[in-house]
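Chains as they are written, first to last, in our numbering: chain A, 26 to 338; chain B, 895 to 1225; chain C, 28 to 339.
There could be a bad hint or two in this list.
[Unchecked claim] In silico EDC-like links for lysine to aspartate or glutamate, alpha-carbon gap of 20 angstroms or less:
id : chain 1 : residue 1 : chain 2 : residue 2
1  : A       : LYS44     : B       : ASP1215
2  : C       : LYS245    : B       : GLU1195
3  : C       : LYS34     : A       : GLU177
4  : A       : LYS44     : B       : GLU975
5  : B       : LYS1005   : C       : GLU73
6  : C       : LYS295    : A       : GLU235
7  : B       : LYS1178   : A       : GLU284
8  : B       : LYS909    : A       : ASP65
9  : C       : LYS151    : B       : GLU975
10 : C       : LYS34     : A       : ASP65
11 : C       : LYS245    : B       : GLU975
12 : B       : LYS909    : A       : GLU284
[Unchecked claim] Reference listing, derived: stretches of chain B covered by chain C, where coverage requires no fewer than 3 residues with Cβ under 8 angstroms from a Cβ of chain C:
id : segment
13 : 979 to 985
14 : 994 to 1004
15 : 1010 to 1016
[Unchecked claim] Simulated DEER-style distance windows between Cβ atoms:
id : chain 1 : residue 1 : chain 2 : residue 2 : range
16 : A       : ILE68     : B       : SER1037   : 48 to 58 angstroms
17 : B       : ALA1151   : A       : GLU229    : 36 to 46 angstroms
18 : B       : PRO1154   : A       : GLU229    : 16 to 26 angstroms
19 : A       : PRO196    : C       : ASN153    : 13 to 23 angstroms
20 : A       : GLN103    : C       : PRO265    : 40 to 50 angstroms
None of these hints come from the bench; they were simulated from the model. Note that beta-carbon positions come from the ideal geometry of N, C-alpha and C, so glycine has one too.
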Amino acid sequence: MNQEKNMDYQNIPRELFTKVQVDQGERERIGRPSLTAWQDGWIRLKQNKAAVVSLFVIIAIVALAILGPVFSPYNFAQTDYSATYQGPSLAHLFGTDMYGRDQFTRIWYGTRISLLIGFVAACLDLFVGVTYGAVSALLGGKVDAIMQRIIEILVGIPHLIIVILLMMVLPAGVGTIIVALAITGWVNMARLVRARILQLKNQEFVMAAEVLGTSQKNIILRHLIPNTVGIIVINAMFTIPSAIFTEAFLSFIGIGLSEPQASLGVLINNGYSVLQSYPYLLICPAIVIILIMVCFSILGDGLRDALDPRMSK
Amino acid sequence: MDDILRVEDLHVEIKTHHGLVKAVRGVDFYLKKGETLAIVGESGCGKSISVKATMRLLPSNGRISGGSVKLEGRELTQLTEREMLKIRGSDIAMIFQDPMTSLNPTMTVGKQIVEMLKAHRKDMSKEQMKARALELIELVGISNPEMRYKQYPHELSGGMRQRIVIAIALACDPKVLIADEPTTALDVTIQAQILDLMKELQSKIDTSIIIITHNLGVVANIAQRVCVMYGGTVVETGSVEDIFYRPQHPYTKGLLAAVPKLHEKTDKLHTILGTPPDLMNPPKGCPFAARCAHTMKVCQEYRPVFTEFEAGHTSACWLHDARCQPEGENQ
Amino acid sequence: MLKYIGKRLVYLVLTLLIIITVTFFLMKKLPGTPFDTERFSMLAPEQQEIMLEKYGLNDPVPVQYIKYLGNLIRGDLGTSFLYTGRPVADVIFSRLGPSMLIGIQAVLLGLAVGLTLGIIAAWKHNSGIDYFTMVIAVLGVSVPNFVVAALLQYYVGLQWGILPVAFWTNWACSVLPSIALSFSATAMFARFIRTEMLDVLEQDYITTARAKGLSQFKVLMVHAVRNSIIPVVTILGPVVVNLLTGSLAVESIYSVPGIGSLFVDCIKNNDYSTIMGITVFYSAFYIFVIMVVDILYSVIDPRIRIQGSKEG
């Protein structure tokens, strides 16, 4: 012990050497306030600056996609042959295309379509995938075995090829893309949900609940669902950008949406055809799609780290 | 001085995303040549971090924030990483808690032993190294060393893996062997075998051992001296006899009372009420104050100082102070 | 082990059969055949009849299906409409070389750059190079490959004139497509090995290795990298899928005479038999790669080898 401390201790007044009553509750006090998984997750997400920024960028893009076309003086399909291929200016923030259509309006209208496709496809995926996965895991036994065999075959199929085939067969349009994406996209979600529920079913706290006589319904409601929501949300976060990408890809190779409909893919495709002379027609929609993809990807990662630390490994 | 290892006023901090954890807050202990020192305490009291710090093997988010570690009088905290490499493994070796995870799963056990020799015995030839590895495998009581040499860790049982871990640690005849809960992850029967092996090896190769454990049975079995840790500090040190028969600190007394005894008829298991302190905001006074049955005002304000009872038996508690009221002393 | 491979082969055949069936019936539902084109309608009705007969389009659909399956087994994928009269198998085969070249170059480039970046990033966790790698990783999976390809073509090829941007005359022509294609693979490898390494670096056996007095570099190369590289095999499947789909756009953009651009051309021209052929070819290739990857993984990792032999 060092000298300084010894000095200190000689001067401690005698009165302090009296017994005190320690509150029993105080003894059992846990140092840190206990938080629910969601509160804890939210705090961790807030600490992840990149994820927070991404969240705000996504909100901004969604707002622009909804409001941009509404407040623009132009219509997305309105042509103006006196003002074709104009560079970005005050009148046309992102310039105009070969028919003199305002790019600003078209880009945000296209973003709206792309986001719509992403969200709806993710919702359908979620609905089908979660139902399939949950039914498979909860029923177990033979049903599970058969459902698993089906999944094992389905995961072997290269999705994009089936989507392309569906796109060729079904009438072109937003609905078709969504249907094609949903038909192929739910498998991953189903697998994740099933794996998670099976894992939970074997965990001590669920077994403990069972032993304590909690009803099957309560186990599902109180234990299984709250602990599965995390991975569902996270997976949906990755489904949205992948759907947006697929749509853009299909439109780019010429079998997605077509004129005068606009989506980010259509715009990039149009821009690519005149890339040499008017690069801004490609670059503007490309930046928007990159922003959307990057932000969803970072937010998805952030959510995964925050809600389900084990999964991030 | 016959102290082979002396740790003084060691402080370690760990950075977590919740804040800075002061995991070790002024720990002193020493190890004499040829003896076995047990460091005892409950989970999270800083015992494992303390010994890892002596080898400078802290995780990347931890650092030694003060104090000294002397190996045969040589200050380790000031050495460069390169100098430290020569000491790790050859002067101080370590055995870890879980043999299931402490061996590299994709490397044969023979190679993992030879690797230690390669790092420190530059003078040995390849054949000599292999011969030495086989000798070590035999030394730790594994039969058929030629076959084991070529096997992967997952092909061995838990007890055998721990023997391999011990073989690796002993490869370069270390002066100090640190065993971090070497038996916790093993079956009870295997535990006894591993402890016997360690005792046997200690007499054979003349090494000094620090064993970390929360199992007082292990302490009684293997150690000569004991260091009791609580809340990142040492609360009591003494010989095994001192600690088991003349415990002074209320925490040590609590620990001993919590061991179920065969000859006593009782329906109740003794426990120490409460939970250990949060080391992110460590208490100002005695770390045990919140759980102690004899807490005084002074305990909440000042860290207690060590009082020496017999030679080498010290305890840090205000109850030992002369100013303490008589009713506080009586139990 | 053999039992496991056998099981996988059964799945392979089953999956392929399903894909073929789905493809076949979807194709039959298609509106507009190549026979709707002007060129065809200028033919006399008798000639039209001969053509339909020749391509077997007069048979009832189930008969066509059985015939198609039978031909498939003999390696006959039918006849291309777009490349009149040439067998589809020939057309695909003639396009295989360029696709393989840029595909393999892209994988190798992705492995080299991605693994190096990822390993350094994990080693220097939270350093500048770590953040750089993370940015590359996020961009690589987020920026659509056709945008990368288009921008590379525009800037590197046209503006700076460093590399050829189209045609397929010499090796230099394959550089830009390979780079464009490798971008997502690089990102996936970098990201995967980084996470894997960070996880491995936390493992007890790394502490054991450090306690042996091994230098940081040795711990990293001998213990950490080896254990983190093994699982990289598992993402080869997703990487290959990415390359396959990426090749459609990239090959079209750089006019590489590969299977990707062939597929896109056939889609635009409703050349069913070739589309079906490529679909079957792609699916078979993909399923085969996944199977090989799984088997490879169980061979490389001693832990899985044992578990596999116990279970199977």
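How the hints compare with the structure:
This hinted pair checks out: A/LYS44 and B/ASP1215 have alpha carbons roughly 14 angstroms apart, not beyond 20 angstroms. Of the pairs offered as hints, the one joining C/LYS245 and B/GLU1195 is violated, with about 49 angstroms between alpha carbons and a cut-off of 20 angstroms exceeded. At most 20 angstroms may separate the alpha-carbon atoms for a hinted pair to count; C/LYS34 and A/GLU177 meet this at roughly 12 angstroms. In summary, the hint linking A/LYS44 to B/GLU975 is not supported, as the alpha carbons are separated by about 49 angstroms, beyond the 20 angstroms threshold.
For the suggested pair B/LYS1005 and C/GLU73, the alpha carbons sit about 79 angstroms apart, so the restraint of at most 20 angstroms is broken. Restraint check for C/LYS295 and A/GLU235: not satisfied, since their Cα atoms lie roughly 58 angstroms apart, outside the 20 angstroms limit. For the given pair, B/LYS1178 sits about 73 angstroms from A/GLU284 by alpha-carbon distance, which is inconsistent with the 20 angstroms threshold. In summary, the hint linking B/LYS909 to A/ASP65 is supported, as the alpha carbons are separated by about 18 angstroms, within the 20 angstroms threshold.
Restraint check: the Cα-Cα separation between C/LYS151 and B/GLU975 comes to about 17 angstroms, which is no more than 20 angstroms; the hinted pair holds. Taking the CA atoms of C/LYS34 and A/ASP65, the gap is about 44 angstroms. The hint is violated against a cut of 20 angstroms. For the suggested pair C/LYS245 and B/GLU975, the alpha carbons sit about 14 angstroms apart, so the restraint of at most 20 angstroms is met. The suggested pairing of B/LYS909 with A/GLU284 is violated, with an alpha-carbon distance near 57 angstroms, which exceeds 20 angstroms.
With a threshold of 8 angstroms between beta carbons, the proposed coverage of the segment 979 to 985 of chain B by chain C holds, since 6 of its residues qualify and at least three are required. Under the rule that three or more residues need a Cβ within less than 8 angstroms of chain C, the assignment of the segment 994 to 1004 of chain B holds, with 7 such residues. With 3 residues bearing a CB less than 8 angstroms from a CB of chain C, the segment 1010 to 1016 of chain B meets the requirement of three and the coverage assertion stands. The hinted range of 48 to 58 angstroms is satisfied by A/ILE68 and B/SER1037, whose Cβ atoms lie roughly 55 angstroms apart.
Separated by about 29 angstroms at the C-beta atoms, B/ALA1151 and A/GLU229 break the suggested range of 36 to 46 angstroms. Between B/PRO1154 and A/GLU229 the CB atoms are about 24 angstroms apart, so this pair conforms to the stated range of 16 to 26 angstroms. Checking the proposed 13 to 23 angstroms range against A/PRO196 and C/ASN153 shows it is violated: the Cβ atoms sit about 52 angstroms from each other. Checking the proposed 40 to 50 angstroms range against A/GLN103 and C/PRO265 shows it holds: the Cβ atoms sit about 43 angstroms from each other.
When the structure is compared with the earlier hints, violations turn up for hints 2, 4, 5, 6, 7, 10, 12, 17, 19 and for no others.
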